[in-house]
Each structure stands twice: as C-alpha cells, then as structure tokens.
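Student: Can you build the whole structure from these sequences, using the hints too?
This is what each chain is made of:
Number of protein chains: 2
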Amino acid sequence: MNIRERRTIRKYTQQPISDELLNRLLEEAARTQTMGNLQLYSVVVTRSDEMKRKLAPAHFNQPMVTTAPVVLTVCADFRRTTDWCECRNADPGYDNLLSFMNAATDALLYTQTFCNLAEEEGLGICFLGTTVYMPQQIIGVLELPELVFPVATLTVGWPAEDPALSDRLPLRSFVHAETYQPYTEQTIDDFYASKEALEENRHFVEINRKETLAQVFTDIRYTRKDNEMMSEGLLEALRRQGFIKPDCNNS
Amino acid sequence: MNIRERRTIRKYTQQPISDELLNRLLEEAARTQTMGNLQLYSVVVTRSDEMKRKLAPAHFNQPMVTTAPVVLTVCADFRRTTDWCECRNADPGYDNLLSFMNAATDALLYTQTFCNLAEEEGLGICFLGTTVYMPQQIIGVLELPELVFPVATLTVGWPAEDPALSDRLPLRSFVHAETYQPYTEQTIDDFYASKEALEENRHFVEINRKETLAQVFTDIRYTRKDNEMMSEGLLEALRRQGFIKPDCNNS
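Each protein sequence line maps, in turn, to chains P and F.
Here the first sequence is numbered in the working numbering, starting from 1 and rising by one per residue.
Here the second sequence is numbered in the working numbering, starting from 1 and rising by one per residue.
Treat the hints with care, since some could be wrong.
Copies of the same chain look alike in the list, so a pair counts if it fits in one copy or across any two.
[To be verified] Derived SDA-like pairs (lysine to any residue); straight-line CA-CA distance at most 20 Å: (1) Lys195 x Leu171; (2) Lys225 x Asn89; (3) Lys195 x Glu27; (4) Lys245 x Gly233.
What the hints contain is simulated information worked out from the structure, not anything from laboratory work.
Tutor: Put into structure tokens, the structure is as follows:
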C-alpha cells in the first residue's frame with residue numbers, strides 16, 4: 001500500500017474498469033472485519049449513463065458522478081439479514097438506531113478497504129461526502145428498501161490527473177495519550193499554523209473575502225443553517241428507512 | 001496488502017509495540033480522505049494497565065482489552081475543529097446529527113486504513129463493536145468532551161494465534177447492479193446455504209439449543225431487547241455529547 005502518495009482523483013481516462021477487476025476488488029474488500037460476520041452492507045454498482053444522470057443531483061451535480069466509469073454507493077444494510085431471519089423462523093430486532101450504527105460501521109470499514117485495494121491497483125477514487133446530505137434522493141433512485149441506507153459514494157476510474165498531495169494536521173494534534181487532552185488557544189495556534197500559512201488557503205480566504213480560513217468553513221462550505229437543515233433530512237430518511245421510530249419529535 | 005489472508009487476532013505475544021511504529025502507522029493512516037480536509041477524528045492511545053482495566057467493563061470485559069499491548073479508541077471529533085473556529089472569529093455549527101455522521105465517517109475510514117496498514121506490518125487487530133454499546137462509560141473513562149464520540153476500538157498486538165479464515169457470503173449476495181434487487185426466499189436460501197452448512201455454525205445452533213443459525217443471532221447474540229436498550233443509551237450519549245438536541249423525545 002502506497003498510502004503516503006494517496007490523492008483524491010476527480011478526473012478519469014476513458015479506459016473502462018472490467019467487471020473482472022471490479023468484482024475481485026469488491027470481493028477482496030469483504031475480508032474486512034464485520035459484526036458477527038453478518039456483512040451488514042451492500043453495494044449498488046452504477047455503470048449506466050442514465051443512472052449516473054439520475055444520481056448526479058443528489059451529489060450537487062459534481063461532474064465525477066457522470067464522468068467516472070463506475071459509481072459505487074455503499075449502503076448500511078440490515079435488510080438482507082432481516083430477510084434471512086424471517087425465512088428462518090427467527091425474530092429480527094434491527095429497526096433501531098444501534099443497528100443503523102452497526103451497519104453503517106460495517107459499510108464504512110468495507111468502503112475504506114475497497115479504496116485502499118483499488119488505489120493499490122492504480123485506480124483513482126473520489127469519496128463523495130454528499131451521500132448523507134440528501135439520502136432520500138439516492139434511496140429513491142437506487143430503490144433502496146427499508147433497513148438499507150446509503151452511507152458512502154465512490155467515483156472510481158483510471159486517473160487522468162496527478163494533483164498535489166494535500167496537507168494534514170500534525171500527528172500530535174489528533175492523538176491523545178491515555179485521556180483526551182483539551183485544546184487551548186496555544187495548541188490550536190500551533191496545530192493549525194501550517195495549514196493557515198499555505199498559499200492555496202490564503203488564496204481561499206482572499207477570494208471569499210473572509211478574515212480567517214475557519215470562516216470559509218463556517219460561513220460558506222459547512223454552514224450551521226445547511227447542517228441543521230440536512231440533519232432534519234437525515235433524521236427523516238432514517239425514520240422512513242425504519243431505523244428510527246416515528247415518535248421522535250426532533251423535526 | 002495481503003487482504004485475502006486477513007484474520008481477526010485476539011491473542012497477542014508479550015512483545016511491545018514501539019511508539020515509533022505506532023506513530024508511523026497513525027500518521028500514515030491520516031492520508032485517508034477526510035471531509036474538507038478537516039480530519040474529524042481523534043485517537044486515544046491506551047497503554048497503561050490501569051486505563052485498560054477501566055476500559056474493560058465497557059467492552060464486556062473481553063480479555064483482549066487488558067492483554068493487548070495497545071488499545072486505540074477512535075473518536076468522531078468536531079471538538080478540535082470547533083475550538084479552531086472559536087479561536088478564529090468564526091461561528092461553528094457542528095452540534096447536530098449530520099455533523100456527527102460526517103465525523104463518524106471520517107473516523108471509521110481512518111480506522112480502517114490504520115487496520116490495513118497495521119496488518120500489512122504483521123500486527124494483529126481485533127475491532128471491538130462494543131464501543132457504541134455503552135459509549136457513556138468510555139466517554140467517562142477517556143474524559144471525552146462535548147462533540148467527541150467514540151466510534152471504534154481496536155486492540156493491537158503481535159499475533160500469538162493463527163485462526164482459520166472465517167467464511168464470507170458470496171459476492172452476488174451483497175452487490176447490486178444499477179438498482180437494489182430485493183431478496184426472495186430462493187435467493188436467501190442460495191446466499192446463506194454455505195454459511196449454514198459449516199460445521200462450526202451447526203455446532204453453534206446445537207449448543208444453543210436453537211432451530212436455526214439465524215435464531216442464535218436474534219435470540220442470543222443481538223436481541224431486540226438489547227438493541228432497543230442500547231439504542232436509548234446511544235441516543236442519550238449523543239445528546240450529552242452535544243450532537244442531538246435535547247428536544248428529541250425518543251426516550
């Protein structure tokens with residue numbers, strides 16, 4: 001694994017990804033640990049142009065969705081396990097928040113092993129965080145039944161770009177020994193200094209006419225208003241997919 | 001990556017894991033994609049026997065917690081980002097469910113790259129799904145502040161066992177082309193036949209005096225009663241950590 005050189009890839013060549021390669025990677029990724037060996041995930045593979053066009057709006061029409069040869073939507077899935085139980089005279093009790101977390105965990109761990117394997121193979125990937133922004137649209141397009149919930153989308157293809165490595169915070173900023181060490185003004189200054197000094201980030205602040213890089217995040221990229229609105233949509237979708245009871249009045 | 005040979009390892013030799021190796025792996029794993037490059041996670045490293053003993057009950061006293069040289073608790077973390085915003089005259093709005101999902105996603109993807117890297121290095125890992133069963137206990141022991149939530153625990157050490165590979169469902173059971181294909185009695189029989197026929201699973205059914213393997217899951221391992229009780233604890237912990245508003249009456 002050449003993780004040190006990993007980049008997100010958003011531009012892909014016209015070269016297709018064979019079913020053979022894709023299936024091998026999807027199968028190998030399933031060696032990832034999973035709760036009770038239940039494999040609480042499923043993957044919807046989008047290859048058709050028509051389905052890519054239908055998925056695109058749920059991802060704010062980011063061009064990767066229609067230009068990548070393959071789009072994968074990885075779902076937390078207690079449907080298959082529940083169907084199995086119902087076929088076997090067993091009473092499944094997986095229509096609750098804990099079960100959603102368990103299945104989302106399985107799905108995300110599976111997703112990341114797939115990413116690591118695919119990148120090792122030379123493929124380029126973009127992880128679309130938009131999946132949980134408007135889940136109801138994706139649920140509709142992919143016809144996801146109750147107890148299935150999309151948690152990750154990957155656009156996958158052969159790289160047609162070679163972007164610069166992005167920066168990361170220093171290790172000491174996110175690793176804590178024995179107990180969580182609260183941050184102070186001083187440690188925050190220390191940990192974020194390099195990021196704030198980067199030319200590209202200074203440029204970001206300038207073109208957005210903000211005072212600080214943090215304001216670009218809070219006022220433009222991830223605002224309270226958007227987060228609160230999308231939290232409601234997320235809750236509503238979790239209810240409709242059967243993972244939260246409708247008596248929760250947080251709406 | 002030798003993913004085809006991956007096993008969960010629960011028994012470890014006395015050989016320690018050096019800080020140098022552990023830190024290198026923790027740092028390399030941070031190359032994983034992350035939302036807006038915010039790295040919405042933190043890792044609490046437990047090496048002291050005293051802290052392992054304190055963590056153990058939250059994990060049903062599974063012996064790996066006290067016998068592994070290192071225990072890692074990976075947390076969804078919007079605390080550091082929020083502190084950064086507050087130090088930079090920016091108004092953070094990350095005390096909501098969407099932000100929890102975003103941070104949990106970042107944390108779980110990071111966790112799995114760490115697992116892939118550590119296993120490539122020859123280390124053995126056990127992923128403890130118990131982390132979200134009694135999160136409040138872990139939050140207390142590790143002194144996690146608001147907007148920090150444990151989502152994964154790994155026990156890590158040099159393998160002192162070589163268990164058999166566990167089975168997996170066939171690829172066709174969890175991969176769907178274009179849209180989700182509903183399961184039928186026939187496909188369920190097909191997909192679960194091998195698993196149900198395994199000697200170890202037949203033994204499980206027998207010693208638990210059940211009719212079917214599925215009943216071992218629904219009646220003993222992951223029961224509705226436990227799931228519903230722990231869902232309440234999870235919701236309550238999400239409220240206390242500030243990710244859900246207290247006006248949600250689902251209690």
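Student: Now, for every hint given, state plainly whether the structure supports it.
Tutor: Results for each hint:
When the C-alpha separation of Lys195 and Leu171 is checked against a cutoff of 20 Å, the pair qualifies only within one copy, where the shortest distance is 13 Å, while the shortest distance between copies is 42 Å. For a Cα distance limit of 20 Å, the shortest separation of Lys225 from Asn89 across copies, 18 Å, qualifies, whereas the shortest one inside one copy, 46 Å, does not. With identical chains, the CA atoms of Lys195 and Glu27 are at most 20 Å apart between copies only, with a shortest distance of 16 Å across copies and 38 Å within one. In the homo-oligomer, the alpha carbons of Lys245 and Gly233 lie at most 20 Å apart both inside one protomer (15 Å) and across protomers (15 Å), since each shortest distance falls under that limit.
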